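These protein sequences, in sequence, are chains A and B.
Its first residue numbered -6, the first sequence is counted upward by one per residue in this note's numbering.
Its first residue numbered 47, the second sequence is counted upward by one per residue in this note's numbering.
Just so you know, not all the hints are guaranteed correct.
Pair by pair, the computed Cβ-Cβ distance ranges are [what the hints assert, rightly or not]:
{"no.": "1", "chain 1": "B", "residue 1": "GLN205", "chain 2": "A", "residue 2": "LYS284", "range": "21 to 29 angstroms"}
{"no.": "2", "chain 1": "B", "residue 1": "ASP296", "chain 2": "A", "residue 2": "ARG87", "range": "55 to 63 angstroms"}
{"no.": "3", "chain 1": "B", "residue 1": "SER361", "chain 2": "A", "residue 2": "PRO283", "range": "47 to 55 angstroms"}
{"no.": "4", "chain 1": "A", "residue 1": "ASP111", "chain 2": "B", "residue 2": "GLN205", "range": "42 to 50 angstroms"}
{"no.": "5", "chain 1": "B", "residue 1": "LYS373", "chain 2": "A", "residue 2": "ASN142", "range": "36 to 44 angstroms"}
{"no.": "6", "chain 1": "A", "residue 1": "GLY274", "chain 2": "B", "residue 2": "THR344", "range": "45 to 53 angstroms"}
{"no.": "7", "chain 1": "B", "residue 1": "ALA131", "chain 2": "A", "residue 2": "ASP111", "range": "50 to 58 angstroms"}
{"no.": "8", "chain 1": "B", "residue 1": "PRO362", "chain 2": "A", "residue 2": "GLY274", "range": "42 to 50 angstroms"}
{"no.": "9", "chain 1": "A", "residue 1": "ASP111", "chain 2": "B", "residue 2": "PRO362", "range": "53 to 61 angstroms"}
{"no.": "10", "chain 1": "B", "residue 1": "HIS204", "chain 2": "A", "residue 2": "THR124", "range": "51 to 59 angstroms"}
{"no.": "11", "chain 1": "A", "residue 1": "GLU4", "chain 2": "B", "residue 2": "SER361", "range": "52 to 60 angstroms"}
In silico DSS-like pairs for lysine-lysine, Cα to Cα no more than 30 angstroms straight-line [stated by the list, open to error]:
{"no.": "12", "chain 1": "A", "residue 1": "LYS273", "chain 2": "A", "residue 2": "LYS294"}
{"no.": "13", "chain 1": "A", "residue 1": "LYS294", "chain 2": "A", "residue 2": "LYS284"}
{"no.": "14", "chain 1": "A", "residue 1": "LYS201", "chain 2": "B", "residue 2": "LYS82"}
{"no.": "15", "chain 1": "A", "residue 1": "LYS172", "chain 2": "B", "residue 2": "LYS319"}
{"no.": "16", "chain 1": "B", "residue 1": "LYS82", "chain 2": "B", "residue 2": "LYS129"}
{"no.": "17", "chain 1": "A", "residue 1": "LYS273", "chain 2": "B", "residue 2": "LYS254"}
{"no.": "18", "chain 1": "A", "residue 1": "LYS284", "chain 2": "A", "residue 2": "LYS22"}
{"no.": "19", "chain 1": "A", "residue 1": "LYS294", "chain 2": "A", "residue 2": "LYS9"}
{"no.": "20", "chain 1": "A", "residue 1": "LYS122", "chain 2": "A", "residue 2": "LYS201"}
{"no.": "21", "chain 1": "B", "residue 1": "LYS254", "chain 2": "B", "residue 2": "LYS82"}
{"no.": "22", "chain 1": "B", "residue 1": "LYS58", "chain 2": "B", "residue 2": "LYS129"}
{"no.": "23", "chain 1": "A", "residue 1": "LYS1", "chain 2": "B", "residue 2": "LYS319"}
{"no.": "24", "chain 1": "B", "residue 1": "LYS200", "chain 2": "A", "residue 2": "LYS273"}
{"no.": "25", "chain 1": "A", "residue 1": "LYS172", "chain 2": "A", "residue 2": "LYS122"}
{"no.": "26", "chain 1": "A", "residue 1": "LYS201", "chain 2": "A", "residue 2": "LYS128"}
Here chain A is said to cover these stretches of chain B; the calculated rule only asks that three of the stretch's residues, wherever they fall, bring their Cβ under 8 angstroms from a Cβ of chain A [claimed, not checked]:
{"no.": "27", "segment": "204 to 210"}
{"no.": "28", "segment": "239 to 247"}
{"no.": "29", "segment": "257 to 268"}
{"no.": "30", "segment": "306 to 312"}
{"no.": "31", "segment": "317 to 327"}
Rather than coming from a laboratory, the hints here were simulated on the basis of the structure.
Given the structure is predicted, the values throughout are model-derived calculations rather than measurements.
For glycine and all other residues, C-beta sits at the position ideal for the given N, C-alpha and C.
As a plain string of letters, each chain reads:
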Amino acid sequence: MFDAAPRKLVEVKGLKMYFPITAGIFRRKVGDVKAVDDVSFDILEGETLGLVGESGCGKSTCGRAILRLYDPTEGEVWIGGENIAMAEAADLRRLRPAMQMVFQDPQASLNPRMTVADIIGEPLEEHTKLTRDEKLARVYELMDAVGLNRAFANRYPHAFSGGQRQRIGIARALALNPKFIVCDEPIAALDVSIQAQVVNLLEELQDKFGLTYLFISHDLSMVRHIADRVAVMYLGRIVELAPRDQLFDRPLHPYTEALLSAVPEADPETEANRQRIILKGDVPSPANPPKGCNFCTRCPKVFDLCQRVKPVLREIEPGRHVACHLYETQKETARAGAAPEARKSTQQGEQHET
Amino acid sequence: MPDGAEPVLDVKGLRTVFQTRSGEIHAVNDVSFDLKPGELLGVVGESGSGKSVTMMSLLGLLPSPPADIRGGEVLFAGSDLLKCAPDHLQAVRGAGIGFIFQDPMTSLNPVFTVGYQIMEPLRRHMGMDKAQARQRAQELLELVGIPDAARRLKDFPHQFSGGMRQRVMIAIALACDPKVLIADEPTTALDVTIQAQILELVRDLRQKLGMAIVWITHDLGVIAGIADRVLVMYGGQIVEQGPVGAVFRDPQHPYTRALLTTVPAIRGERTAKLNVIEGQPPIMKAVPAACAFRDRCTMAFDRCGRENPRRIAVSPGHDVACFWDPKTGGARHV
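Next up, chain B with everything else stripped away, as it sits in the complex (with noise of 0.2 angstroms):
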């Protein structure tokens, strides 16, 4: 990972509110995050918190009603895309930052061909004839290790296994050499022995390609297989960031700590019992004016329910939002 280059995309401040019938959800609150060049960022947490609302936002991808964003930056090779036309943003999608979705069955048009589909934004964004289109798209199927790619190219997505549809979405999202692809939970719908697949592609394309990649999952072992670094999210806010080795090794935040040993492990020492985190995560209904986690936290103090710690540095690109320090046992001097 390339230390202090400028980052290809910067995320100040956002904010993301859902109108909904039962009032405001505040789904994403003052969410701030980079990505460098060439970087593997993967952010974690579980539904509800945040993480693929945060993204969406990004490229104005969310409907709006119910979804507003009230503020915030998205700086992405000299814009915000928050600001910006939306010409632009059409333009950026796709050519400058790629996008996979969660579900492959539900994200690729059943009446085109995969060939159509990929073809479609080589020749919107890159200006490619029928033709030049075509062979880049064969390219980029045998990139994918989808076999007999030529063949492929005329078949429709039910023709296809989930896992080569993944393939095809990644083929799709890689299609105009985009700078930033964003991943959003790319293997939570495939089996193991098919995301250990997908997670190899990706180790090899990133050596081959080497554009900056953003992957949500809730998986903390893919995260440990693939980023470098990683945020962890809870109730809409970033709670814990920093680099893979150093937030696995020493987490700070009482919730990735949790996370950490709540799930058993698959080799090694077998845990008798397993550590629950108790309660349900929040509903955000407000803007948070006290930590998320204090209800489910087993390290809460008052302070927690006065005010929502921000976050603070405790090494070297390793930052936490949390009162309490696991050095001391006690409360952290912020």
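If we strip away everything but chain A, and leave its shape as in the complex, we get (with noise of 0.2 angstroms):
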């Protein structure tokens, strides 16, 4: 995907969403949820960027937000282009097109009372001036395309099954010929062995028509199948944004080395002698994160640092990005050869001082 010089699809710069939080019969605002919290990251034409983190992150607030599915509190999201963040309505109706979404669960976004040809129809009838032949054509090459019977068109979608339903999202999602998909958790609701369809089902049509998507989700094997490059929510903000290898064989932040440390691998040996993280605690509220870095309340490399100064996200390495006063003390002290003795010795100096 490196070959020719890649183009910026989308780009998004400080997004913040904040969800007031109220109290009184006047409703007086006394707080915000910090949701997605000051969040840039590009994705590149064609690539897959995944979002991963834990429930309660941000990471389907992100997404959402990203598509003008929530007004963003503040920041800047350019799709092609367009600040998507803050078009006109008008405007934004015109761009939509360009840009869908398919959802966590199958069952819930699909209307039960629509046909499976009238639900992957509504888009064309919103956006498109076909006649009824061209669209019931179009409705049959979309289900074609992510593999459903065409005799089926006239079901309803109590009919299928949750990977069924799945598709018939999906088929939806490309009615317009869109450039950029957001995929929220889609195959979080499936069984396991359907999982991996839907996963397939995503990467043909993304060779097929050229898709971009973000692919949200919290399954970090999934993710390390599907994406080319991982960003990693914790608490509202990216803690590490790299190329999908480099993340998986070497995480930086200590979340992500967490993160990945708390997945089970089926197989019983590696199980037995591995090594594992385990984090203490819980996630903190989003009402109130903590003042210094997010993580700090259960990181087990936290120093004083970190509870007062929170960490922002820089490139350390040529397109590896960490949010983490490890990397910064390291590069400050010009020692980045050595990276995990100098990261020792930088957390310890920092403990004797306190």
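Each of the two chains sits in its own frame; use the hints to bring them together as a complex.
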């Protein structure tokens, strides 16, 4: 994917999505849930960016805010040269066909009173001026593309299994030839043997139509399979962003490291001998995040700076972005070569000072 | 895992049927397994494979109708749980066999304090008075790793996070020192770092308390990490059973083999294209007269459509219900 100079299709700059907390009979605003807090990243044309994190970390909110399903509190979202975050309603409608979404729950995201043909055809109805025959032909074409039998076009969603329903959702997202699709946990509600079917379909469609995906998931092994680059979110912020292989082979942020270590592997021998990092405690509330680094309450490598200053996401190796003080101090002392040793000594040094 | 010991739980030929408007659903078909003292038995299968229904049938937890247990024996501590009196079954639940449910949000009562809910089985089954029960409840919360246990007893379930609630569920299930603990997808609703905490807790508790555990999950990784033995279920039947090492190293049933390759790895080599099991899991409308997996099986041949394979031993403690032999790549001679 790096052969020709890759073009940025999506650029997210300083995106913030706060939800107000209100109290009292006058619904006075008393605080914010900082669901997405200053997130920036790019997605290149034709690539899949995986967005991972635990529940409540803001990954779905981020995906929705990018497509302007929420009105972002702050920040810019550039898709194909237009700032979606600030676009007027009329412009937005014009831009919608290029960006689509596949939802998590195929049961809840399909109208039970509409036939499959109506569901897949609805975007065509809204955004194109096709005749009835042309529309039906397009619906059939889409059903073929996602592996649904044309004969079922007049059935209702309840007659389909979970995996087939997700195919209907994908066909609907494809109807207007989008460039960019946000896949929000598209396989989380499906059985293991069906997940692989849907993931393979998404990959086939990407090759065929040159799609760009933001693949939101908590399933790290599936993200490793499908994504080209991966962003890890924790409590509303991106803590690490890196090419897939580098991230999975050598995670830099302590949270990424713990997250990957927590995933069990289907092999009893490696499981028996594997060193695990078990994080203590729970994720803090996004309404009241810690003062310093958001991860400082659970981080096994925490030192005093972490409790005072929020680390910013910066590029520490080509293509690898980390938001962690361990790597900042390392850079300042200019010992990038011997990473683990340097890290340890800095950490100990910090502890001595306290 | 102690070999040759008397099983604490012995299930033979269990059959459970649901009556629905569109006819009968045969959810559990002739399921037999046993559980040795101190053993952790993993049960894997997709949704609808009958794993939860099997376990709930054992303790009479399914409402009837629609559920109807058509046959089988469940031997626990010298009595058949399917035939015993309701009082006896009530005494076994909680005191003899503990149950942890999948969703910690919905299985705790929101209007009672956590302390009350842990004390309930203690007072009912163990005949403790309030003060004793409170003391024991506090010990249990400490055992499952909830900090500041004395104060937390007065909290309500909504004041706990998901992982903490699951710890409370484990504390309740452990309250009366059960011989057997049945855990139905106890970590499925949890995040992966919280799941790792709970798995660590269970490993630790097993060493301390030594009860036998049945662990239901669809995650093969979880099984690989904690189980001694594994049952693979499909279409309401056990299709493969064996020691965890043998089943993962040398899977016999095409379904087990497919399951192991359909999930991408988190470490090691990365697969370019995922293996797919085509089709959908079956809905069992009748007692299976043929192999339930045959429509999705790449190895199926004519016999699979005529006859339902019985479980046959392939090595000590490892058996499979399949006519196909992975060693020869052809039919198994049975």
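Each hint, compared with the structure:
| no. | hint | in the structure |
| --- | --- | --- |
| 1 | B:GLN205 x A:LYS284: 21 to 29 angstroms | holds, 24 angstroms |
| 2 | B:ASP296 x A:ARG87: 55 to 63 angstroms | holds, 59 angstroms |
| 3 | B:SER361 x A:PRO283: 47 to 55 angstroms | holds, 53 angstroms |
| 4 | A:ASP111 x B:GLN205: 42 to 50 angstroms | holds, 45 angstroms |
| 5 | B:LYS373 x A:ASN142: 36 to 44 angstroms | holds, 38 angstroms |
| 6 | A:GLY274 x B:THR344: 45 to 53 angstroms | holds, 46 angstroms |
| 7 | B:ALA131 x A:ASP111: 50 to 58 angstroms | holds, 56 angstroms |
| 8 | B:PRO362 x A:GLY274: 42 to 50 angstroms | holds, 44 angstroms |
| 9 | A:ASP111 x B:PRO362: 53 to 61 angstroms | holds, 58 angstroms |
| 10 | B:HIS204 x A:THR124: 51 to 59 angstroms | holds, 55 angstroms |
| 11 | A:GLU4 x B:SER361: 52 to 60 angstroms | holds, 58 angstroms |
| 12 | A:LYS273 x A:LYS294 | holds, 12 angstroms |
| 13 | A:LYS294 x A:LYS284 | holds, 17 angstroms |
| 14 | A:LYS201 x B:LYS82 | violated, 53 angstroms |
| 15 | A:LYS172 x B:LYS319 | holds, 23 angstroms |
| 16 | B:LYS82 x B:LYS129 | holds, 22 angstroms |
| 17 | A:LYS273 x B:LYS254 | holds, 21 angstroms |
| 18 | A:LYS284 x A:LYS22 | holds, 21 angstroms |
| 19 | A:LYS294 x A:LYS9 | holds, 28 angstroms |
| 20 | A:LYS122 x A:LYS201 | holds, 25 angstroms |
| 21 | B:LYS254 x B:LYS82 | holds, 17 angstroms |
| 22 | B:LYS58 x B:LYS129 | holds, 13 angstroms |
| 23 | A:LYS1 x B:LYS319 | holds, 26 angstroms |
| 24 | B:LYS200 x A:LYS273 | holds, 23 angstroms |
| 25 | A:LYS172 x A:LYS122 | holds, 20 angstroms |
| 26 | A:LYS201 x A:LYS128 | holds, 21 angstroms |
| 27 | 204 to 210 | holds (count 3) |
| 28 | 239 to 247 | holds (count 7) |
| 29 | 257 to 268 | holds (count 5) |
| 30 | 306 to 312 | holds (count 6) |
| 31 | 317 to 327 | holds (count 9) |
Hint violations for this structure: number 14 only, all remaining hints satisfied.
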